[in-house]
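Student: Each protein sequence line maps, in turn, to chains U and W.
The first sequence: position 402 = 402 (my numbering), numbered continuously.
The second sequence: position 64 = 64 (my numbering), numbered continuously.
Worth flagging that the hints you see were computed from the coordinates, not collected in a lab.
Hints should not be assumed to be uniformly reliable.
As the list claims (entries may be wrong) - Straight-line alpha carbon distances no greater than 25 Å define the calculated DSS-like cross-link-like pairs of lysine-lysine that follow:
id	chain 1	residue 1	chain 2	residue 2
1	U	K91	U	K59
2	W	K15	U	K261
3	U	K29	W	K15
4	W	K70	U	K366
5	U	K219	U	K338
6	U	K59	U	K366
7	U	K312	U	K261
8	U	K219	U	K29
9	U	K411	U	K261
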Amino acid sequence: MYIPHVYWAHFDPEASWHDGDYLSLPAPKGVRSAMDLALLDDMFVPARAQDIALTITPKCQALHDYHVRLGGSYDTHSVFESIHAWQSADKPAWPDIFASMQTDAEKSHSAIRDRLSSCIQVPYAHLAEAPVSNVHSSPGLNAIRYANSKSTITTLCHQLEIPSLGTVIDHQEDINQLLDLDYPYVLKEAFGVSGKGTYLVREQRIAERLVRHFQTQSKQGKQGGMIAQPWLDIELDFSSQWAVSSCGELTLIGLCQVENKGFRFNGINLSCQALEQVVARSDYYEQIRLLLSELFKAGYFGPICVDSALLKDGTVYPVIEVNARESMGSIALRWRDKLSLGNSLRLRQYDVIYQAPVSFEAILHKLGLQGALLCCGQLGGIVPITASSMALTQSSNFSKGRWVQLECASKRSESYRATLQSCLSDFGVTLQ
Amino acid sequence: MNYLSEINELLCSIKNDPSLAGQVTEQSNFIEDFGIDSLDIVDFMLGLESQFDIEVDFDAFDFDNLTSAKRLVDYIVAHCTAEV
Numbered sequence: 001m002y003i004p005h006v007y008w009a010h011f012d013p014e015a016s017w018h019d020g021d022y023l024s025l026p027a028p029k030g031v032r033s034a035m036d037l038a039l040l041d042d043m044f045v046p047a048r049a050q051d052i053a054l055t056i057t058p059k060c061q062a063l064h065d066y067h068v069r070l071g072g073s074y075d076t077h078s079v080f081e082s083i084h085a086w087q088s089a090d091k092p093a094w095p096d097i098f099a100s101m102q103t104d105a106e107k108s109h110s111a112i113r114d115r116l117s118s119c120i121q122v123p124y125a126h127l128a129e130a131p132v133s134n135v136h137s138s139p140g141l142n143a144i145r146y147a148n149s150k151s152t153i154t155t156l157c158h159q160l161e162i163p164s165l166g167t168v169i170d171h172q173e174d175i176n177q178l179l180d181l182d183y184p185y186v187l188k189e190a191f192g193v194s195g196k197g198t199y200l201v202r203e204q205r206i207a208e209r210l211v212r213h214f215q216t217q218s219k220q221g222k223q224g225g226m227i228a229q230p231w232l233d234i235e236l237d238f239s240s241q242w243a244v245s246s247c248g249e250l251t252l253i254g255l256c257q258v259e260n261k262g263f264r265f266n267g268i269n270l271s272c273q274a275l276e277q278v279v280a281r282s283d284y285y286e287q288i289r290l291l292l293s294e295l296f297k298a299g300y301f302g303p304i305c306v307d308s309a310l311l312k313d314g315t316v317y318p319v320i321e322v323n324a325r326e327s328m329g330s331i332a333l334r335w336r337d338k339l340s341l342g343n344s345l346r347l348r349q350y351d352v353i354y355q356a357p358v359s360f361e362a363i364l365h366k367l368g369l370q371g372a373l374l375c376c377g378q379l380g381g382i383v384p385i386t387a388s389s390m391a392l393t394q395s396s397n398f399s400k401g402r403w404v405q406l407e408c409a410s411k412r413s414e415s416y417r418a419t420l421q422s423c424l425s426d427f428g429v430t431l432q
Numbered sequence: 001m002n003y004l005s006e007i008n009e010l011l012c013s014i015k016n017d018p019s020l021a022g023q024v025t026e027q028s029n030f031i032e033d034f035g036i037d038s039l040d041i042v043d044f045m046l047g048l049e050s051q052f053d054i055e056v057d058f059d060a061f062d063f064d065n066l067t068s069a070k071r072l073v074d075y076i077v078a079h080c081t082a083e084v
């Protein structure tokens, strides 16, 4: 008998893995994850029709119906019955929800706990607080942190002789090395992600100030975790998606080109045959298998995304960082498989500003009228994959959300973007 | 010293957006009104240090100081005074 898999996503797992004893970049106290981040979990798509997507708030029914029409059926459940209920509960993300599951006896939460425990979980990222059916279904927190820490990955690359130009700032005496590096360079915290916990050091004056900051932290007992990477002359970014089974088997899920603007993630291109050929001619896969085997020996198993780059001189830089979790690349691959879309698929993410909660159903309807939506039997069009982050009511004059779409590419991204902007402007939404 | 004006100048520089000139008021929330995000925040805090010749204790600097320009000015004034 098939045991359903329950998919759930937490898009800021690094915050849960962070160690307060590590060195950290200047950041104000009391920063919380952006609320819209929690509501992107509806884009993590189950593989089979019997599987369940467990989201924090209900998936937009109109969007789900559209996905089902494209062939992507699956069951949906949510922790809260509405966005309003979620906002009232002030439990922004899964770690808070897991904590309340352990402390209160709310019926809705106990039902969620039972479902998580009785199904096979497919989490976007392993969290130590998540209820599991047995101890073997999730790696321990130390192994998760080991696999995700930029300093341990850089150290491992050095030990395994995988090309890596990163400098690990582990001890107090390492901090002054930051004054001797060539500018610019990138400082990264152990669990920084998507620009958070990352800083481009451009000049000596800034380096000196940051060294004083780290020395102060070091005197307070903090150390380790920080790395400095040279600014690489990158032709294109790419990532490889892997699965490490609980018995150590390594499976390559796919390779994709990553579109970044500075430190900001912009999108994924799954069509990258030329890149695949260049990578295949290098030692890339051997090097990554070596690295992942070491992570398994340290106790990690589960999804892994390795961020890499093709440099302008034609060399493959194998490991910029490792994200031992699912990624936007794996999400794009999952949607491609779910909807039987071709390899010309792209994923694009846009920040949006909106003035009031938006009716996603109305947006879908308008995109459909404009002929922009992918429909059954068509070769090209867009497929929005997340809706909730534009439905928040906030006290400020405007709210920030994210629009994430697949592009089944018969047109260029700029063309799809122009169509989307034209549509969204009628709803008071601006693409950034 | 016109603190709001100088903070506004810094904001325009960080966001690389001259159209933000004259936009900062005492009620301004730098996060929500001007989109200061995790990518900008280190530059913004280091910029405050340079602009006002203060040294911020980053591990003690409260996020709430960025949710109101008046609070940020109060913080700067307190730290300028403390160093005189």
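Student: With reference to the structure, classify each hint as holding or not holding.
Tutor: These are the hints, each one checked on the structure:
1. K91/U x K59/U: holds (18 Å)
2. K15/W x K261/U: holds (15 Å)
3. K29/U x K15/W: This hinted pair holds, its Cα atoms lying about 22 Å apart.
4. K70/W x K366/U: Given pair K70/W, K366/U is violated - Cα atoms ~43 Å apart, limit 25 Å.
5. K219/U x K338/U: Distance of about 52 Å is beyond 25 Å: violated.
6. K59/U x K366/U: The given pair, whose Cα atoms are some 19 Å apart, holds under the 25 Å limit.
7. K312/U x K261/U: Within the cut-off at roughly 17 Å; holds.
8. K219/U x K29/U: Status holds; Cα separation ~19 Å.
9. K411/U x K261/U: Satisfied, since the Cα-Cα distance of roughly 21 Å is no more than 25 Å.
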